[in-house]
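S.K.: One-letter residues, chain by chain:
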Amino acid sequence: MSERRKAWLFIAPALAMVVVFYFTPLVRVLWVSVSEPALGFDNYAMLFTSAPIQRVLITTARICVFTTAITLGLAYLVAYVLTHASPAGQRLMMIGVLLPLWMSVLVRAFAWVTLLRREGLINKALISLGMIDEPLALMWNEVGVTIGMVHYMLPLGILPLWAAMRSIDNRLLAASRGLGAGSLQTFLRVFLPLSLPGLIGAGVLVFIFSLGFFITPAILGGGKTIMVAEYINHTVHESLRWGVGTMLATTMIAIIFALLFGLSRIIDLRTLFGAK
Amino acid sequence: MEGAVRPTGPTRSLGWLVICFLVLPITIVFPVSLTDRRYLSLPQDGISFEHYANLFGNREWLGSIGQSFYIGIFATVIAMAAGTLCAIGCWRLSTRASEFVRALMLVPIIVPTIVYALGIYRFWVDFRLLDTYTGVIIVHAVTGIPYVVITVSTALAGFDARLEQAARSLGASTWQTLWRVVLPGILPGLVSGAIFAFIHSWDELVVVLFIASRAVFTLPRRIWDGINEHLDPTMAAVAVILVLLTVVLLTVDLTVRRK
Chain F
22 MSERRKAWLF
32 IAPALAMVVV
42 FYFTPLVRVL
52 WVSVSEPALG
62 FDNYAMLFTS
72 APIQRVLITT
82 ARICVFTTAI
92 TLGLAYLVAY
102 VLTHASPAGQ
112 RLMMIGVLLP
122 LWMSVLVRAF
132 AWVTLLRREG
142 LINKALISLG
152 MIDEPLALMW
162 NEVGVTIGMV
172 HYMLPLGILP
182 LWAAMRSIDN
192 RLLAASRGLG
202 AGSLQTFLRV
212 FLPLSLPGLI
222 GAGVLVFIFS
232 LGFFITPAIL
242 GGGKTIMVAE
252 YINHTVHESL
262 RWGVGTMLAT
272 TMIAIIFALL
282 FGLSRIIDLR
292 TLFGAK
Chain D
158 MEGAVRPTGP
168 TRSLGWLVIC
178 FLVLPITIVF
188 PVSLTDRRYL
198 SLPQDGISFE
208 HYANLFGNRE
218 WLGSIGQSFY
228 IGIFATVIAM
238 AAGTLCAIGC
248 WRLSTRASEF
258 VRALMLVPII
268 VPTIVYALGI
278 YRFWVDFRLL
288 DTYTGVIIVH
298 AVTGIPYVVI
308 TVSTALAGFD
318 ARLEQAARSL
328 GASTWQTLWR
338 VVLPGILPGL
348 VSGAIFAFIH
358 SWDELVVVLF
368 IASRAVFTLP
378 RRIWDGINEH
388 LDPTMAAVAV
398 ILVLLTVVLL
408 TVDLTVRRK
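As they're listed, the protein sequences go chains F and D.
For the working numbering, add 21 to where a residue sits in the first sequence, where the first one is 1.
For the working numbering, add 157 to where a residue sits in the second sequence, where the first one is 1.
Bear in mind the hints are in silico, worked out from the structure with no lab data behind them.
Careful: at least some of the hints might be erroneous.
Stated by the list, open to error - Pairwise CB distance ranges, derived in the manner of DEER restraints: (1) F:LEU213 / D:SER170: 17 to 25 Å; (2) F:ALA37 / D:GLY166: 14 to 22 Å; (3) F:LEU193 / D:ASP317: 26 to 34 Å; (4) F:ALA37 / D:ASP193: 54 to 62 Å; (5) F:PRO58 / D:ALA314: 44 to 52 Å; (6) D:ILE266 / F:LEU217: 19 to 27 Å; (7) D:TYR227 / F:ARG291: 32 to 40 Å; (8) D:GLY214 / F:ASP289: 47 to 55 Å; (9) F:ARG286 / D:PRO167: 36 to 44 Å.
As the structure is a prediction and not an experimental result, all values here were calculated from the model.
Glycine included, each C-beta is placed from N, C-alpha and C at the ideal position.
With the rest of the complex left out, here is chain D (with noise of 0.2 Å):
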């Protein structure tokens, strides 16, 4: 009697049709980066590539690429120091005073970013951090942390804690077992928790708009002004740039965790 209620064809097809209307809005970037006219269209003639050498041509979209690069990395080494140290901490511990803390680090998911955005800005005119590079990447990093200790977490809960206790009993120190046993064991918890937390900064909007102005211009925030002021095809390539970094992201995570 296996799959005893097993959805019927009507059924799977409208179930089908939902993940057609969640991936196939966002493939018209394509089409529209390739148009040979000056505003966002199909291409009508023919296509075009001078969209793409005008963002590659600019100064100020290659910049703010990089600068989202560069903070994004700091973000993430920070966080995933932090966040595995934290996971397996509370791993090791698993107390009532460690699922606290578990959940103490949900907070920052659940909040709504600009209620957070609101207080760092007051924190930062103090600490004489806005619109610096320092302040932005401690902002990603402590939001990217809880994103970090979850997955871990999760990875650890399907890691043989025995293997610890082996390593310890035949004489390894705190920081052998850490580097030789477990996270090589936890490995593709690691990998995804690093592109979670790379992502998360890459693709945050909200406190930047708040706690930055010109010196640090990140990509969002040059793509907000760009929907906001002028909507031309430019923006479509670096929205084409966006997807396919995404899917060499998600295929790294896939393969790496089919393994």
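If we strip away everything but chain F, and leave its shape as in the complex, we get (with noise of 0.2 Å):
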């Protein structure tokens, strides 16, 4: 037997399972978007109709720019950080990052739910302190939905820039510092211009991670706050409305792939998820 053949019989389990027990059923999704309650595209229709689902998916837009942004920013920060600790400082830095990213979502939304509800510690917190009379609002709501999201993505957000950071020639920089540029400067047309493609990498990243989410905003949102993923879910469990359910998640899936696409166009994929 060849050494090609040989590679392939290794790939085939795999890739046996991931078509079967995966793409099947994802295609099954497309597929009943436009075959229930009637063939058609009458599902896609409600995107232009139905005031309830345009409600969740402005709402949805709104919560992922939020979040993303926000992600960014703090990201960009602790990556920059990261990048220019002592070997010791990264060791505690990178601790820091991974303990979350590695922490069940259920146990990180709990812990978010004792912290922001009415009665919670914040909240009980103020009022002994004498800051506030009243409770805040700070869960059921958007401001709890993006705490909750942000607290998620960051590491996903801050590992990627902070490969493209890593891979920054120092010399750069340096020869910025020697031609007579200020340290603002430099980073500002240096370091910044440099570490764009990771910025925006990890933008997309987290902005496809946000749409799709549905445990800590169905948590914190309490059912008032309601993003695609949830209403996605109420669709079909409580009204067994297949049709719309499966059209949003293609709608979904549609908008990922467009971004990935663009993405694409930019920057080398592989090397945002580490396959590279």
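Dock chain to chain to rebuild the complex, using the hints, since each chain is given by itself in its own frame.
M.R.: Laid out in structure tokens, this is it:
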């Protein structure tokens, strides 16, 4: 048997499993969206006619934009400090990034609930300090959802940014300083442009993960602030409207792949997922 | 001219402040789990281990932990076997086709889980696998494969391919080369891959909400119900156990990788 043949035999089991048990059900979703309740694009027309769906989409878009912007700002800061930290500092900071990344998303949402709810620890502390009289509404609204989402997305933004910054040649910065540029100028005109592809990549990645995020928004939104993933769950589980649910799912996939296609024209996608 | 644009003091402090924002909220579950009250709060007149006693005396919680562990182990073994072979196959080929396979493996990470959950629900209705261990294990294994492929591929990128060629030219068979040369050479990557695959299954909620209901009631499912229905401090005790498990797994991973 040739070497090529053998290599394909190695690949075959995983490929077969993913095609049969992942891609087939996924294609099924696309099919249901144009065949239930009736064959055609009626479900897709709801994107333009249904007020509740439009409300959910606008809420989702707003939360995703805010989450991505805040996450990118904070992640850039952390990645920048991380890149220039001492080896010991780097190790400690990395633990601070990886620990939440590996932590159960439910545990993280639960921790935020204990902190943010009306009788939560933050409100209690502020009241006992006399800073407020009435508890603040910190969850079951967009504020709570955004806090929880930024907390979830930060490691996912920091890691690709850090990878991008590490690959910046230090000699370029030294050259800029040597030629008389100040440190602010060097940052703005050398470091920032060189880190821009990483910033765009991390931004698209965070935005995509935010778009379809279910658990944290559902818990911290408390049924009051509803994003598209929770709406899909509700449509299918409670009102059994599979056509509408799969239509929204398909729309989400279309948006995500359009974003990735756009991104692939700017940077090599494989670097983003650590596959290269 | 090392560090020509070193961050200034205030920038560094802000960076560490963000790290605190990442880590500190999670630590709140420790004091809350020791509260002497029956509701979520900090300990008031002393600490109590009552909520841990509740947790370990509760058949439902223990049952769910056992189920999640059982599913996680099986899913990890399957994902590791298939994913590692796939990564090695792609690494040996290094053609456009194998690059395509690797790109295909990224799709399950990118597509929101809720989308897949809809599809696999319909699929399992046909196969009569709803609410079965088999159904959940297959799903967790298949969606865990991409994490294994990425981690093992990264490890292989740092592995000297000439070692493999040397083994082959000295007369070792394909399997001997695999077991004696390649796999030991990428052991840290394998450990990481296995931990990733396990955590992926252990933590997975969205698909389970769709394809499991009574017979299979995993730990994330029970936590989810707990958060939505009765927020009692037993939840904090569960959270503490999960935090400690994560710390252990992360420590194992960092130790193995530093060697």
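S.K.: If you check each hint against the structure, which ones fail?
M.R.: 2
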